[in-house]
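Novice: Chains as they are written, first to last, in our numbering: chain A, 125 to 495; chain B, 125 to 495; chain C, 160 to 558; chain D, 160 to 558.
It should be emphasised that the hints constitute simulated quantities derived from the structure, not laboratory data. Just to be clear, a hint being listed does not mean it is correct.
Calculated from the model, a selection of chain C residues having no Cβ within reach of chain D, i.e. all distances over 12 angstroms [claimed, not checked]:
id, residue
1, His182
2, Glu225
3, Lys275
4, Pro351
5, Pro483
Cut-off 20 angstroms, straight-line C-alpha distance, at most; resulting in silico cross-link-like pairs (PhoX-like, lysine-lysine) [claimed, not checked]:
id, chain 1, residue 1, chain 2, residue 2
6, D, Lys552, A, Lys389
7, C, Lys338, C, Lys552
8, D, Lys275, D, Lys348
9, C, Lys558, D, Lys558
10, D, Lys274, D, Lys348
11, D, Lys338, D, Lys552
12, A, Lys389, D, Lys558
13, A, Lys389, A, Lys456
14, C, Lys552, B, Lys389
15, D, Lys273, D, Lys348
16, C, Lys207, C, Lys275
17, C, Lys381, C, Lys275
18, D, Lys552, C, Lys558
19, C, Lys193, A, Lys162
20, A, Lys254, A, Lys243
21, C, Lys200, C, Lys190
22, D, Lys207, D, Lys275
23, C, Lys273, C, Lys207
24, D, Lys348, D, Lys200
25, C, Lys552, D, Lys558
26, B, Lys456, B, Lys389
27, C, Lys558, C, Lys338
28, D, Lys348, D, Lys381
29, D, Lys338, D, Lys558
30, B, Lys162, D, Lys193
31, C, Lys348, C, Lys274
32, B, Lys389, C, Lys558
Each residue gets a CB set at the ideal place from its N, CA and C atoms; glycine is no exception.
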Amino acid sequence: MTDTTPDLLFDLTLTDEQRMNRESMQRFAAAEIRAQAKLVDEGAGSARDFYPRTAELGLTLLPIPEALGGAGVDRSPVSNALIFEDLAHGDMSLALGAISPMAFVNTLLDQGSEAQREKYLPLFCTGEFKAATTALLEPRATFDPGAPATTATRTDSGYTLSGTKAMVPLGLDAELVLVIARLDGGECAAFIVEGSPAGMTRTAESNMGLLGAQLATLQFDDVQLPADARLGSGAFDLQRFVDLARLGICALAVGTCQAVLDYVKPYVNERVAFGEPISNRQSVAFMVADMAIELEAMRLMTWRAAALAEQGEDFHQQAYLAKVFCAEHAMKIGTDGVQLLGGHGFCREHPVEMWYRNLRAIDILEGIASV
Amino acid sequence: MTDTTPDLLFDLTLTDEQRMNRESMQRFAAAEIRAQAKLVDEGAGSARDFYPRTAELGLTLLPIPEALGGAGVDRSPVSNALIFEDLAHGDMSLALGAISPMAFVNTLLDQGSEAQREKYLPLFCTGEFKAATTALLEPRATFDPGAPATTATRTDSGYTLSGTKAMVPLGLDAELVLVIARLDGGECAAFIVEGSPAGMTRTAESNMGLLGAQLATLQFDDVQLPADARLGSGAFDLQRFVDLARLGICALAVGTCQAVLDYVKPYVNERVAFGEPISNRQSVAFMVADMAIELEAMRLMTWRAAALAEQGEDFHQQAYLAKVFCAEHAMKIGTDGVQLLGGHGFCREHPVEMWYRNLRAIDILEGIASV
Amino acid sequence: MINLELAKKHRETFEQVMMLAEHMMRPYSRKYDKEEHTYPKEMEEVAKLIGSARSNPGGTREAVPEGTVVNGGNMGSVVGLFGLCWGDTGLFLGMPGSGLGNAAISAVGTPEQKKKFGSSYAAMCITEPGTGSDSANISTTAVLDGDEWVLNGEKIFVTDGERSDTLVVWATLDKSLGKAAIKSFIVEKGTPGCEVTRLEHKLGIRASDTASISFNDCRIPKDNILGSAEVATDAEGRKKAFGGVMQTFDNTRPPVAAMAIGVSRAALDLCQELLQAEGVALTYDKKPCNLSAIEAELCQMEAEWNAARLLVLKAAWMADNKTPNSMEASMCKAKAGRVGNHITLRCVALCQSLGYSETYLLEKFARDSKILDIFEGTQQIQQLIVARRVLEKSSADLK
Amino acid sequence: MINLELAKKHRETFEQVMMLAEHMMRPYSRKYDKEEHTYPKEMEEVAKLIGSARSNPGGTREAVPEGTVVNGGNMGSVVGLFGLCWGDTGLFLGMPGSGLGNAAISAVGTPEQKKKFGSSYAAMCITEPGTGSDSANISTTAVLDGDEWVLNGEKIFVTDGERSDTLVVWATLDKSLGKAAIKSFIVEKGTPGCEVTRLEHKLGIRASDTASISFNDCRIPKDNILGSAEVATDAEGRKKAFGGVMQTFDNTRPPVAAMAIGVSRAALDLCQELLQAEGVALTYDKKPCNLSAIEAELCQMEAEWNAARLLVLKAAWMADNKTPNSMEASMCKAKAGRVGNHITLRCVALCQSLGYSETYLLEKFARDSKILDIFEGTQQIQQLIVARRVLEKSSADLK
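From just these sequences and the hints, can you work out the full model?
Specialist: Here's what the structure looks like:
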């Protein structure tokens with residue numbers, strides 16, 4: 125922090141806007157998302173049909189300048205993290221799909237050129253849900269977000285894109301996909317892929333969880349992109365993009381883990397064994413206590429990094445550590461949620477097994493859910 | 125395991141000799157070692173004065189051929205591991221010192237030349253305690269037992285030895301020290317250093333624990349060694365040496381952890397809080413249960429690798445994994461031992477704090493306690 | 160003499176089972192995971208091939224002189240399960256004859272019962288909607304009416320409840336008499352009054368069905384009670400009687416632990432195969448702290464896996480040698496249950512998107528393994544049992 | 160507005176304290192670790208320098224408008240402790256004015272008591288030979304005799320019991336009345352009947368003395384009781400009264416947690432310095448799984464450390480803003496206690512023989528940190544408190 129930084133106090137108080145916004149997000153999450161989640165996870169409901177209903181939240185509208193049709197509210201990584209958290213409390217899978225266009229918009233606002241903003245942002249101010257997404261992750265066991273293998277090569281007319289991206293939310297439907305690739309063997313750059321150009325193949329994925337997010341593998345075989353497809357006018361800041369996405373992923377983890385905690389609390393208090401509620405046993409009660417402790421820490425880690433990002437400070441290390449911490453503890457909270465319900469936790473009648481499957485993805489996901 | 129291997133059954137039964145031997149070791153550990161341990165740890169008793177009393181155990185005598193004055197019993201890594209375990213139940217620190225000459229003898233029996241055996245082994249058949257030891261570990265944070273930095277260079281008359289060895293048991297007094305060094309920049313070799321040749325400096329160490337083992341740092345500045353100081357007639361098998369030592373270290377861990385478990389059991393059953401023995405609480409009782417589970421697993425891992433070594437089978441992987449496992453769980457058992465006694469565990473009135481300090485060394489120690 | 164390697168016959172058993180697992184189970188793993196509740200008919204062949212070993216679950220027990228060490232049926236059983244659940248835990252649990260009811264019949268059945276039901280496909284009905292780990296608190300009743308027992312009650316979490324031929328049902332003769340009045344009964348499927356009411360959709364082991372079964376005035380022959388019909392009246396007798404029923408757990412816990420060993424080995428093998436393709440391999444040539452993070456984690460998992468496996472073998476060896484192993488059975492179940500969970504989950508994480516994808520089986524191994532830390536007594540129940548033994552506590556003192 | 164960075168004044172406090180810690184504490188760390196029970200006289204200067212902040216432990220509380228966020232004395236206190244215990248936990252605990260008794264006096268003392276004893280060196284006497292975490296079960300008695308309280312009993316584990324000027328003593332007015340009759344009293348050292356009977360030899364924090372103190376007809380002025388002398392007679396009142404005594408823990412737990420943050424930071428810093436000499440450094444440029452094992456572990460420890468630190472800051476922030484923080488105080492104590500233990504111990508292991516040796520301070524940090532997971536409520540007691548709050552349980556239901 126530089127000496128010219130204004131003297132902010134340590135503060136965990138939400139702004140009035142954030143409080144109001146949370147209320148509406150939480151209402152939507154409880155009423156709309158939670159109800160859909162199970163149906164979609166079981167293949168009985170359509171995520172594709174669901175997403176248009178999220179348009180009422182105005183997720184993409186807020187931070188877009190008024191001149192381009194938006195509400196012109198300053199983009200706030202903290203507020204966005206709160207939104208992600210609240211939606212994920214309903215369901216992480218549907219939340220991820222719902223916020224993917226917002227992540228695309230956020231990245232455009234953050235690193236797009238003036239021309240790109242003018243071209244694309246008005247499309248997200250129509251009041252309709254527009255499928256868009258970001259794609260960094262690749263299908264390799266040792267994939268590192270700082271070193272994608274997808275390549276872009278300069279051509280006379282623009283770029284040739286080659287490579288494979290995995291676990292892309294809304295990957296089947298997205299009309300706009302921001303793809304990260306190594307440019308001419310050097311630094312990374314981001315490319316806006318519109319529609320489905322020749323050489324681009326979209327394959328629906330079957331995964332352990334996140335079934336509602338419509339994850340897809342996108343393959344690019346010598347896909348030709350125009351010169352203006354490259355994001356921004358200067359160098360692409362990959363680390364910043366990855367870190368902003370890490371914050372979004374952490375926020376999704378926080379919301380989901382809060383859902384687990386909220387679910388197991390009444391369960392262990394009501395479930396009777398050996399003549400008493402099972403929560404009267406230390407092994408059960410302490411597991412719940414640790415869940416609460418680690419969840420609180422996950423939230424503080426996420427908020428801290430998001431606040432640094434919002435203040436324009438260096439937030440790389442805190443975002444990195446938040447992701448490490450959230451991944452580790454989200455895994456444990458997901459597992460403990462099932463364990464606390466015992467045999468019932470293993471059955472799909474209760475949502476904890478779905479949350480368990482969804483939370484496995486926290487460590488793996490990269491380059492999506494940018495705040 | 126080759127097809128010609130005789131069909132041994134899976135068996136956890138000790139031989140009659142092992143049973144008898146355990147009895148006398150356990151008796152000595154309880155009567156002699158345990159009583160000395162605290163005094164020595166507090167600086168009130170002398171380890172140097174103690175070791176001669178271990179001569180009655182005949183530790184070095186047994187496996188030495190009758191022709192050289194020994195008892196001529198086949199060297200048994202399993203039996204040796206049992207001895208180490210039992211002595212460490214008394215105190216790991218004094219056990220380590222007591223068995224160091226035995227580790228020297230074991231290595232000589234294992235990899236020494238005929239001439240070296242004839243020269244040195246009779247010295248260990250006198251019925252007196254003779255201080256001898258082995259030295260591999262070096263004072264570096266990233267030291268790897270497979271890559272010591274101590275060097276030996278061939279000269280006209282023998283070898284020049286240079287480097288520093290750390291945490292050498294009996295390092296101040298040992299009349300014979302087996303030192304592992306890289307020979308002429310190539311493979312490793314072992315050298316028998318007699319007495320204190322010019323250029324050899326012995327410095328007593330102050331460590332967190334293991335105060336009774338008389339750990340010392342040995343520095344070698346161009347120490348001249350005769351040609352016959354090099355162990356064996358062929359190549360030195362460093363991995364085998366390290367693995368046999370790992371088994372000894374694991375056995376020390378098993379014995380010490382058994383002491384912790386044996387100590388905390390009555391304590392938590394007798395200590396009353398909130399109107400009941402604290403062992404009526406799951407958080408206490410489950411910690412003890414896990415201690416018992418992991419200790420049993422440590423023992424089985426150690427025995428398995430020792431049995432493979434005894435059978436002449438490849439035991440590298442099992443010795444390696446046993447050490448990994450024992451180091452991890454010995455740390456935890458040591459810590460939990462203190463925690464179970466609460467504030468009392470932090471006071472030196474109870475031995476658990478000493479065991480806690482000693483057990484920290486399990487992961488660090490290498491190249492000593494060869495079975 | 161201390162030796163912790165398998166005897167030759169068990170090494171051979173393991174190799175043979177691994178062949179079956181690889182060629183006759185794995186090809187169907189994903190299919191029946193996706194088609195939940197579908198009977199994996201291809202497994203009948205596998206069941207037949209391993210059937211000769213199972214038809215005598217006690218193993219071939221040659222007359223051995225007093226004091227001779229035995230490596231018998233219990234060890235053979237866990238070694239077989241290492242392989243079968245390396246193949247597929249769900250398919251194994253869904254195949255005929257794998258029911259835990261078989262273990263109960265072979266453990267406490269009369270010679271007649273063993274003959275009549277020993278080779279049937281027997282499922283175990285213990286849990287009820289209101290009971291989880293609290294097996295002593297069941298409400299299903301059995302009342303003797305002439306030459307028949309009349310059963311009434313509702314059971315849940317019956318593994319293979321739908322596809323089995325036979326059920327071993329825990330019921331109380333008189334709930335007011337507590338544990339001592341709990342007995343187990345053999346019910347043949349198709350008996351009037353016995354009905355499968357529901358199949359669970361599950362996180363894992365989807366190839367096996369998990370059923371709810373109701374008993375409404377279900378009448379079975381008087382001889383179908385396992386063990387004595389007498390209800391002990393003194394404290395000692397009551398304890399012993401329930402202990403007898405609970406004892407079946409001593410027989411079923413090492414096998415469930417063995418399943419965890421099998422599935423976590425499968426995960427470790429596949430994980431290492433996928434990582435090897437990226438040039439990452441565990442070679443045991445440096446101290447773990449000097450390895451890469453992935454190698455160090457693989458190493459730590461190998462250590463934990465080996466440790467858990469040895470605890471399972473020890474418990475089985477004790478059973479083979481007629482040594483009471485109630486504590487060791489719970490020890491190995493606790494350790495293998497948690498290690499199995501940990502390894503399968505970390506293998507998913509280590510392989511990142513490949514681990515999470517249904518393209519490979521890593522995510523399935525993780526889902527399948529979770530139940531092994533829950534059924535036949537959760538992790539916490541095992542810790543409780545071990546703690547009581549280690550600390551010499553009654554169930555009244557340590558709850 | 161969400162911001163989790165320290166305010167400027169606390170950043171400055173921290174920097175100043177770190178200077179003191181480095182230059183005025185660290186040079187004496189090993190000396191007083193070796194010379195157990197020797198009074199670290201050099202620390203008086205340090206105590207004086209930080210004294211102005213401590214003489215008003217509630218912090219400078221300017222009048223602030225309703226609804227304005229405060230970053231006050233509680234935050235200042237934990238931030239100071241981050242630095243002081245980065246310096247040396249033992250020396251800090253052994254220096255005048257650091258006694259936990261001071262926290263109690265400033266939390267519940269009357270203005271007169273604060274004036275008279277606020278700047279004394281006050282130790283806390285709670286534990287007795289027969290009680291550990293069970294603070295409600297103490298047997299030391301206080302009986303009013305004219306204008307004086309007469310104290311009788313035996314206290315153990317009194318941190319700085321020998322070198323302090325003042326003792327805050329928990330005693331019961333009538334054991335038969337249970338918790339409600341427990342009150343705390345200020346005893347000046349030198350009062351006849353108050354005697355230090357024993358000093359403990361300890362695993363760590365050897366620079367601070369840990370004393371046993373006996374009270375034999377020890378008479379103190381009537382006004383030396385902290386809080387009211389009345390014993391509540393109804394259940395609600397009883398609960399409240401003991402709650403008042405226990406509440407001092409809400410004030411002392413975040414500071415102890417802060418000590419764990421300080422000492423574990425010290426270990427992490429030194430460990431990274433030693434590893435950097437070998438070319439190993441954590442750079443945050445790759446995903447943890449793609450790092451070396453040592454780097455990955457450092458990274459994981461940094462994450463845990465940062466998380467624990469934020470929980471401490473939150474609890475202190477709540478106290479500054481008059482928000483009840485009993486649960487958060489226990490949360491941060493539980494997390495920082497275990498993280499502090501884990502980090503300091505792993506740093507020993509990561510640096511191998513350098514970690515184990517007294518040449519460096521890593522082994523000392525590990526020894527010092529252990530007590531922080533034990534005193535002011537063990538890990539298990541903190542989990543119990545958190546669990547009761549989260550699950551809305553009484554102490555009768557969740558024991």
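Novice: Within a Cα-Cα threshold of 20 angstroms, do Lys389(B) and Lys558(C) meet the stated pairing?
Specialist: 17 angstroms, holds
Novice: Would you check the hint for Lys200(C) and Lys190(C), treating anything up to 20 angstroms between C-alpha atoms as holding?
Specialist: Cα-Cα ~12 angstroms, so holds.
Novice: Between Lys193(C) and Lys162(A), is the straight-line Cα distance small enough, at 20 angstroms or below?
Specialist: Holds, because 17 angstroms separates the two Cα atoms, which is no more than 20 angstroms.
Novice: Going by Cβ atoms, does Pro483(C) stay more than 12 angstroms from chain D at every point?
Specialist: 32 angstroms, holds
Novice: Does the alpha-carbon distance linking Lys338(D) and Lys552(D) stay inside the 20 angstroms limit?
Specialist: Judged against 20 angstroms, a Cα distance of about 18 angstroms means the pair holds.
Novice: The output says Glu225(C) does not contact chain D. Does that hold with a beta carbon cutoff of 12 angstroms?
Specialist: 48 angstroms, holds
Novice: Given the hinted pair Lys389(A) and Lys558(D), is their alpha-carbon gap at most 20 angstroms?
Specialist: 17 angstroms, holds
Novice: Is the hinted pair Lys338(C) and Lys552(C) satisfied, with a Cα-Cα distance of at most 20 angstroms?
Specialist: 18 angstroms, holds
Novice: For His182(C), is the shortest CB-to-CB distance to chain D above 12 angstroms, so the non-interface label stands?
Specialist: For His182(C), whose nearest Cβ neighbour in chain D is about 33 angstroms away, the distance exceeds 12 angstroms, so it holds.
Novice: Are the Cα positions of Lys552(D) and Lys389(A) separated by 20 angstroms at most?
Specialist: Holds, at about 11 angstroms.
Novice: Between Lys273(D) and Lys348(D), is the straight-line Cα distance small enough, at 20 angstroms or below?
Specialist: 17 angstroms, holds
Novice: Has the given pair, Lys558(C) with Lys338(C), been kept, meaning a C-alpha gap of at most 20 angstroms?
Specialist: Since the Cα atoms of Lys558(C) and Lys338(C) sit roughly 16 angstroms apart, the hinted pair holds (cutoff 20 angstroms).
In the structure shown, no violation is registered for any of the earlier numbered hints.
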